[in-house]
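Engineer: Sequences are here, hints too, so could you generate the full structure?
There are 2 protein chains.
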Amino acid sequence: MKDFVFHNPTKIIFGKGRISELGSEVRRTSRKVLLVYGRGSIKKNGVYDQVVDSLRTAGIEFVELPGVKPNPVLSKVHEGVELAKKEKVDGIVAVGGGSTIDTSKTIAAGFYYDGDIWDAFVGRYEVKRSLPIYVVLTLSATGSEMNMGAVITNEETKQKYAFVAPTSYPRVSIIDPSVQFSLPRIQTANGAADAISHVMELYFDGTPDVWIEDEISEGIIRAIIRSTDILMNKPDDYDARANLAWSATLALNGVTRTGRSGGDWSCHAIEHSISALYDIAHGSGLAIVTPAWMKYVYKEDIGKFARFAEKVFGVEESDEERAALEGIERLKNWFKSVGLPTSLEDVGISSTEIDKIVDNAAMRTPFGSLKRLEKEDVREILKLCV
Amino acid sequence: MKDFVFHNPTKIIFGKGRISELGSEVRRTSRKVLLVYGRGSIKKNGVYDQVVDSLRTAGIEFVELPGVKPNPVLSKVHEGVELAKKEKVDGIVAVGGGSTIDTSKTIAAGFYYDGDIWDAFVGRYEVKRSLPIYVVLTLSATGSEMNMGAVITNEETKQKYAFVAPTSYPRVSIIDPSVQFSLPRIQTANGAADAISHVMELYFDGTPDVWIEDEISEGIIRAIIRSTDILMNKPDDYDARANLAWSATLALNGVTRTGRSGGDWSCHAIEHSISALYDIAHGSGLAIVTPAWMKYVYKEDIGKFARFAEKVFGVEESDEERAALEGIERLKNWFKSVGLPTSLEDVGISSTEIDKIVDNAAMRTPFGSLKRLEKEDVREILKLCV
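Those protein sequence lines, which keep their order, are chains U and G.
Start counting the first sequence at 1; every next residue gets the next number (the working numbering).
Start counting the second sequence at 1; every next residue gets the next number (the working numbering).
Keep in mind that a hint or two might mislead.
For identical chains, the list gives no copy identity; a pair is met inside one copy or between any two copies.
Unchecked claim - The calculated DSSO-like cross-link candidates involving lysine-lysine, where the alpha carbons are at most 27 Å apart (straight line), are: (1) Lys304 / Lys234; (2) Lys2 / Lys234; (3) Lys295 / Lys375; (4) Lys2 / Lys16; (5) Lys16 / Lys304; (6) Lys295 / Lys336; (7) Lys32 / Lys2.
Calculated from the structure, these hints are not laboratory results.
Quick caveat: nothing in here was measured; it's all calculated off a predicted structure.
Structural biologist: Here is the structure:
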């Protein structure tokens, strides 16, 4: 097990009806907030009203930044930073999923930076200060509600990059699983695929002797699969929503990272190149890329891939290679079973586009820790995605 | 799954040689600390020197409170509170295991209270303020390094009670697994039994549909058993020490409590009555009481006990009752295999003492959530411990 520092200060308030506690939490630090959200679903499902009621009751002023879209973009961040500065807010409330939270984290950092906050994504600026961030989660997927990372697409350069900073941890995140009852099935599945991928990126980074982290990682994946299977037929099953939601948060709150080398993150890197160019859902992209990456690299740590097959899918096969391959197939079939795409063709991306994706990924190669991937490795993996 | 709030602000610094970081961490809040420790083992294994070096390098003054003993007592707390007030310290550094940390947490609270801090243990005072607490862990067992609880024995009244307060979370806990290489085998086993019991107290509290928490709980127990088995033969196996240490911390840092009713805690309550009277190691007491409690209550949630048998010990048995009983037997046998006592006789307590233990426990009955235990239930469980 490797050395680590674990320090996650986010307070999680979890349960039905807990959004009403937002205002009193925000009041600990803020009196006027930027209220960031997406494209209106929260006005249909009642979440917007609950948020506004709670803020008003606590005497919190707010200015609104609606319109954050999936695969959130830098131009929206710029708009938010400008608005936050002009309105002199002293906090941010993010109501939504990962896109809204990540946009909010970036605005919160940009508020205290005179240059273009994109600098934080390309290593030209180290974020040391952010506005306090409060979250009301409406889609369990990215884990951003309890971590310090944010992913944003620069539309001009077609770069979908991340930054991390300890000041980006939300102060408080409210997770009411029941607000996710009304999600379209595919969004639930996308969220599940994203959360599973977070666990896998860490699990398969090649660090040996992390028994407790491996146990927790496998347990999280099993719980996600169990919950998602139920939700495909019964989207308003509270316990399934709650187990999926908390599992997705734990998938990337740092616990599964302890003792490891920091994760492989190749699947995320390749997927980011796809969704930077084609605006497909991140979870769908991961469902396409992950099995292909596994097929390409499993020989680097064949015992671990065999273990994954056994622990996650109950594969009983004494030959390690056959077990590993069977596990990859089972994962792919599970993605299919919950309606996720598993090939580029499934999302309407022709194989003639591979060059473009490879070129985008090549802005950052080499990446990956289990197997260090060069540009040509990425091409081979994408060919397995056809 | 039940509603919950999760908020654990403790920073964990984990790894070999990390004690040198203590001083710079302490300096964030404090200039003169009370240095609390036990009965001298840290002077033999080099930990004391590392701590003192780090504090001196950072320019932190310290006054010493040595002599905390296992099953820590209120009189030592009083001594510490008096010394801390007299010396006007502004922080506490606890170097040791649960006894030292819990003594420190209680002193930290007592520093800001004019009455007897025992009031916090019996519900007469709610702790709202504590001195900042820093921990260097030397024995993985209680999880106190990353939670807000403390257990102290009042020698006069023979009450071994707990208090919890959010201000009791250590600011920073440094866990260097290699300092535990020199522990006597029985102390390692006692720590493992305590950590397993923490998971079980929560796991068996009767809350249904906590799939993710159950997965994590079972994974922690498996990792503890795996690590402990190795350490019995190879006490200086770093990875086994590291996995055991981090598992024991996670066992009671709040994650396994999320979504549940708060735990059953009957085994702890009964054990506290034993170790309040006979000064046996807490972990040993739990190894005696836990299988007996399980036998007495398993019919309340037979499916869960069968699941425990399967998931923790790989019991393959379709009849739930037989599986449940087999799991209890396997746990008891595992305790024996690592040298733990499993009967009162094993620790030299005669069955004629049961009345005394029952009377002590009766100061707090009824307790327990899976099965509410009255005084006579405690007697029946103790009879199963003979």
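Engineer: A separate judgement is required for each hint: does it hold in the structure or not?
Structural biologist: A quick look at each hint next to the structure:
1. Taking identical chains as interchangeable, the C-alpha atoms of Lys304 and Lys234 lie at most 27 Å apart only when they sit on different chains, with a minimum of 25 Å there against 34 Å within one chain.
2. For the identical chains of this complex, Lys2 and Lys234 are inter-copy neighbours only, at 19 Å across copies versus 41 Å inside a copy, given an alpha-carbon limit of 27 Å.
3. Taking the shortest alpha-carbon separations for Lys295 and Lys375, only the intra-copy value of 17 Å comes in at or below 27 Å, while the best inter-copy value is 61 Å.
4. In this assembly of identical chains, Lys2 and Lys16 lie within 27 Å of each other by CA distance solely across copies; the values are 9 Å between and 38 Å within a copy.
5. Taking the shortest Cα distances, Lys16 and Lys304 sit within 27 Å of each other only across copies (26 Å), while inside one copy they are farther apart (38 Å).
6. For a Cα distance limit of 27 Å, the shortest separation of Lys295 from Lys336 inside one copy, 17 Å, qualifies, whereas the shortest one across copies, 45 Å, does not.
7. In this assembly of identical chains, Lys32 and Lys2 lie within 27 Å of each other by CA distance neither inside one copy nor across copies; the values are 43 Å within and 32 Å between.
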